[in-house]
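Engineer: In case you want the letters, here they are:
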Amino acid sequence: MHLSLEELLAVRDGVAGAAAAGHAAACAECAAEVKRLAAVRAALAALPEERPSNDVWPAVVARAAGECERRVWRRAGWIAAGLAAMFTIAIGVRGALETYAEAKLARQTETLVAESQRLEKALRSSERRERVMSGRTAGTVVQLEDRIATIDAQLARAGNDRYPSQERIGLWQERVRLLDALVSVEKSGTTYLGL
Amino acid sequence: MSVVTPPSFVVAVDELTVARARAGDEAALEALFRRFETPVYSLARRLTRSPHDAEDVLQETFLEVVRSIRRFRGDGSLAGWIRKVAASKALMKLRQQGARGREEELFDDLAGHTSGDGPGGSPAPGTAAERVDLETALAQIPATARAVIWLHDVEGYSHDEIAAMAGRTASFSKSQLARAHARLRELLAPGVREGTCT
Ligand SMILES: [Zn+2]
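Each protein sequence line maps, in turn, to chains R and S. Each residue of the first sequence is one higher than the one before, counting from 1 in my numbering. Each residue of the second sequence is one higher than the one before, counting from 1001 in my numbering.
For the record, the hints were derived by calculation from the structure and aren't laboratory data. It is possible that part of the hints are untrue.
Claimed, not checked - Counterexamples of contact, computed for chain S against chain R with all Cβ distances above 12 Å:
| id | residue |
| --- | --- |
| 1 | 1029 |
| 2 | 1097 |
| 3 | 1158 |
As the list claims (entries may be wrong) - Some but not every residue of chain R turned toward chain S, in silico, with C-beta under 7 Å:
| id | residue |
| --- | --- |
| 4 | 44 |
| 5 | 63 |
| 6 | 64 |
| 7 | 118 |
| 8 | 135 |
Claimed, not checked - Not everything, but these chain R residues come out facing chain S in the computed CB check (under 7 Å):
| id | residue |
| --- | --- |
| 9 | 56 |
| 10 | 60 |
| 11 | 99 |
| 12 | 105 |
| 13 | 113 |
| 14 | 144 |
All values reported here derive from a predicted model rather than from experimental measurement. Quick reminder that beta carbons are idealized off the backbone N, C-alpha and C, glycines included.
Required output: the full structure, derived from the provided sequences and hints.
Structural biologist: What follows is the structure, given as structure tokens:
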């Protein structure tokens, strides 16, 4: 008596009882059928993938945004946004500045913005490489990015003022410090930061 | 039995993208979507057969991913998690199809189809023409048997896992797998080939 299809499949999958496995080992017909079932499995797995003809992502975004009671969406890729460029408008008004103190603040801001842009550029170029990163390091990176995003929000508020201020310089200093930390984390994979 | 992630779900996702996605970063979530849309859609398409339903499954799957990725704690099994969400959503869609009567004989027991137990089947498909035959045959087997053969033989789920996802028993899953293979053998048998495959 040959094996049933269910038994043959169990043999193929290595989960058959001793009796069924023993029969398959001794019976050429059943052994051939086990082999055929394995080939069917391989042929199924080798079927080509299918691609959706419509882009479903916008619908996912719309539905997620519609139902979120909490903050689901973080800012869309702070690096892509090129945020530093937004704030350079504050610079270049130096000609209009009257006092020495104001001119000095403007110069300081300009230096910090330039440094910020340099660091962002370094990050953008490392962003293109696929890096192997531990989950902890990735978590640190995201934390830093969140803190930079908070600074950017504060800068955007402070940015309405045409003139450089001490407050804004403080924010730019913090931004450069965080970017610097981000660069070193991405380079070295450090997770501890005394920030 | 070794449960292997099938090639379609072998997707490299860097930790940073996952961490950003977990923080709700839209760009990172979209990057995940782009990496997984084809395997998720393919799985859904095999189970539901309808492009429209498969797109629904894709949408439901990623809505779930967006909602729940914060709570996802697995290490390196993101693909496994997304695949499981996709499989569950696809099975749910099948049940809806069944309730709407779109899928014939969903849980029936066409005894005649499983009568061909034992050895003596046709050779397994190998050439391109045979591949088309296999796809056609697969689409013709009853929904539940098709879902089980796909989830078990291609996606690598065990009968226990399939039973848990489908709300059935492991022995139900086993009999559906046998039924699917019996149907495939019948559908592929006539005129597949004789002798060598040249
Ligand atoms: Zn035998």
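Engineer: It remains to establish, for every hint, whether it holds in the given structure.
Structural biologist: Checked hints:
1. 1029: violated (8 Å)
2. 1097: holds (18 Å)
3. 1158: violated (9 Å)
4. 44: Since the shortest Cβ distance to chain S is 5 Å, the answer is holds.
5. 63: This interface hint holds because 6 Å falls under the 7 Å limit.
6. 64: Holds: closest Cβ of chain S sits about 5 Å from residue 64 (chain R), inside 7 Å.
7. 118: Constraint on residue 118 (chain R) not satisfied, violated at 21 Å.
8. 135: holds (5 Å)
9. 56: Holds, because the Cβ-Cβ distance from residue 56 (chain R) to chain S comes to roughly 5 Å (cut-off 7 Å).
10. 60: holds (5 Å)
11. 99: The hint is violated - residue 99 (chain R) has no Cβ within 7 Å of chain S, the shortest such distance being about 42 Å.
12. 105: Since chain S brings no Cβ nearer than about 34 Å to residue 105 (chain R), farther than 7 Å, the hint is violated.
13. 113: Violated, about 24 Å.
14. 144: This hint is violated: residue 144 (chain R) lies away from chain S, its Cβ roughly 11 Å from the closest one there, beyond 7 Å.
The structure fails to meet hints 1, 3, 7, 11, 12, 13 and 14 from the earlier list, while all remaining hints are met.
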